[in-house]
Amino acid sequence: MVDPTTLTLNHFLLLGAVLFAVGLYGALARRNAVIVLMSIELMFNGVNVTLLGFSRYIASSAPLLGQIFAIFIITVAAAEAAVGLAIIIAVYRDRKTIQLDDIHLMKW
Amino acid sequence: MTELFTTIGFYVFGLVAVGGAVGMVAARRLVHSAIFLVASFLGVAAIYLLLRADFLAAVQVLIYAGAIMILMLFGIMLTPNQMEDGGRAHLGQKVGAALVAISFLAVAAFSLLGTKWPLAQTLSEQPTTEEIGRLLLSGYVLPFEVASVLLLAAMVGSIWIARED
Numbered sequence: 001m002v003d004p005t006t007l008t009l010n011h012f013l014l015l016g017a018v019l020f021a022v023g024l025y026g027a028l029a030r031r032n033a034v035i036v037l038m039s040i041e042l043m044f045n046g047v048n049v050t051l052l053g054f055s056r057y058i059a060s061s062a063p064l065l066g067q068i069f070a071i072f073i074i075t076v077a078a079a080e081a082a083v084g085l086a087i088i089i090a091v092y093r094d095r096k097t098i099q100l101d102d103i104h105l106m107k108w
Numbered sequence: 001m002t003e004l005f006t007t008i009g010f011y012v013f014g015l016v017a018v019g020g021a022v023g024m025v026a027a028r029r030l031v032h033s034a035i036f037l038v039a040s041f042l043g044v045a046a047i048y049l050l051l052r053a054d055f056l057a058a059v060q061v062l063i064y065a066g067a068i069m070i071l072m073l074f075g076i077m078l079t080p081n082q083m084e085d086g087g088r089a090h091l092g093q094k095v096g097a098a099l100v101a102i103s104f105l106a107v108a109a110f111s112l113l114g115t116k117w118p119l120a121q122t123l124s125e126q127p128t129t130e131e132i133g134r135l136l137l138s139g140y141v142l143p144f145e146v147a148s149v150l151l152l153a154a155m156v157g158s159i160w161i162a163r164e165d
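Quick note, the sequences are listed as chains A and B, same order.
Taking my numbering as reference, the numbering of the first sequence is continuous, increasing by one, and the terminal residue is 108.
Taking my numbering as reference, the numbering of the second sequence is continuous, increasing by one, and the terminal residue is 165.
If you're looking for bench data, these hints aren't it; they were derived computationally from the structure.
Owing to the predicted nature of the structure, the values given are computational and were not obtained by experimental measurement.
Misleading hints may appear alongside valid ones.
List of simulated lysine-lysine pairs, DSS-like, C-alpha gap at most 27 Å [claimed, not checked]:
(1) A/Lys-107 - A/Lys-96
(2) B/Lys-94 - A/Lys-107
(3) A/Lys-96 - B/Lys-94
To be clear about the criterion: a stretch of chain A counts as covered by chain B if any three or more of its residues have a C-beta under 8 Å from a C-beta of chain B, and this derived list gives those stretches [stated by the list, open to error]:
(4) 11-18
(5) 39-47
(6) 62-75
(7) 79-87
Glycine included, C-beta positions come from ideal geometry on N, C-alpha and C.
Required output: the full structure, derived from the provided sequences and hints.
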């Protein structure tokens with residue numbers, strides 16, 4: 001199914017899926033809030049690789065649409081990182097910890 | 001010949017991207033995680049170049065490897081005494097997370113590789129920056145403006161959330 005010598009769409013799709021899966025593992029397994037945020041950025045990267053692969057290899061009347069999409073994903077990711085870190089700093093100031101299993105005030 | 005170099009480049013930079021990602025997830029110190037993540041972002045930027053997305057590659061280096069990593073380092077350094085990710089054993093959580101990630105990867109690989117995509121016959125080799133700039137200020141000007149309002153709201157909101165009272 002995958003010929004190793006010439007690059008196809010499948011190579012990039014698999015790379016994107018692997019990056020997303022590693023980010024998913026980090027977001028679920030780590031307990032430090034900053035690491036979880038970085039893992040989410042990694043998942044955004046996997047999605048962008050997939051989108052740009054589609055944008056290059058798939059026949060379309062709007063060939064750059066995938067790249068425009070990726071630009072907006074990066075924009076939203078930057079906004080998310082800024083707000084997420086502000087929340088982490090506010091939580092740290094209040095509770096002196098950012099270990100996610102110690103932040104359980106609203107958990108039942 | 002060019003194709004061979006492109007393929008070698010894909011495997012080298014793909015390995016950098018995935019290796020950086022795995023190192024980020026596995027590193028015990030937060031700053032090590034951040035440095036691994038920079039390597040991963042730069043590898044992904046090179047992959048974008050292989051996909052003929054020159055503008056996106058530049059954006060990736062500037063925004064991700066630059067701005068977002070600076071934010072993350074600020075986050076790490078403004079929350080001291082959190083440098084180790086806790087000494088407690090949480091094997092169950094790791095096993096569960098690995099199961100979720102592996103099953104996601106299996107389903108994604110199965111469905112992505114099993115689909116017949118309508119592939120383009122000829123691949124464009126044109127630079128994209130000029131065309132993206134034209135599109136962002138013509139056909140996609142409304143999402144562009146919405147994105148700028150979103151960034152403004154995120155900036156004001158994060159300053160307000162993180163301020164000292």
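Results of checking the hints against the structure:
1. Of the supplied pair hints, the one linking A/Lys-107 and A/Lys-96 holds, its CA atoms being roughly 18 Å apart against a limit of 27 Å.
2. For the hint pairing B/Lys-94 with A/Lys-107, the CA-to-CA distance comes to about 21 Å; that is within 27 Å, so the pair holds.
3. Between A/Lys-96 and B/Lys-94 the alpha-carbon distance is near 25 Å, which keeps this suggested pair within the 27 Å criterion.
4. Only when three residues or more bring their CB closer than 8 Å to a CB of chain B does the claim for the stretch 11-18 of chain A stand; here the count is 7, and the claim holds.
5. Check result for the stretch 39-47 of chain A against chain B: holds, 4 residues qualifying (beta carbon to beta carbon below 8 Å, three or more required).
6. Note: the stretch 62-75 of chain A has 9 residues with beta-carbon separation from chain B under 8 Å; the three-residue rule is met and the coverage holds.
7. As drawn, the stretch 79-87 of chain A meets chain B at 8 residues by the rule of a beta-carbon pair under 8 Å; at three or more, the given contact holds.
In the structure shown, no violation is registered for any of the earlier numbered hints.
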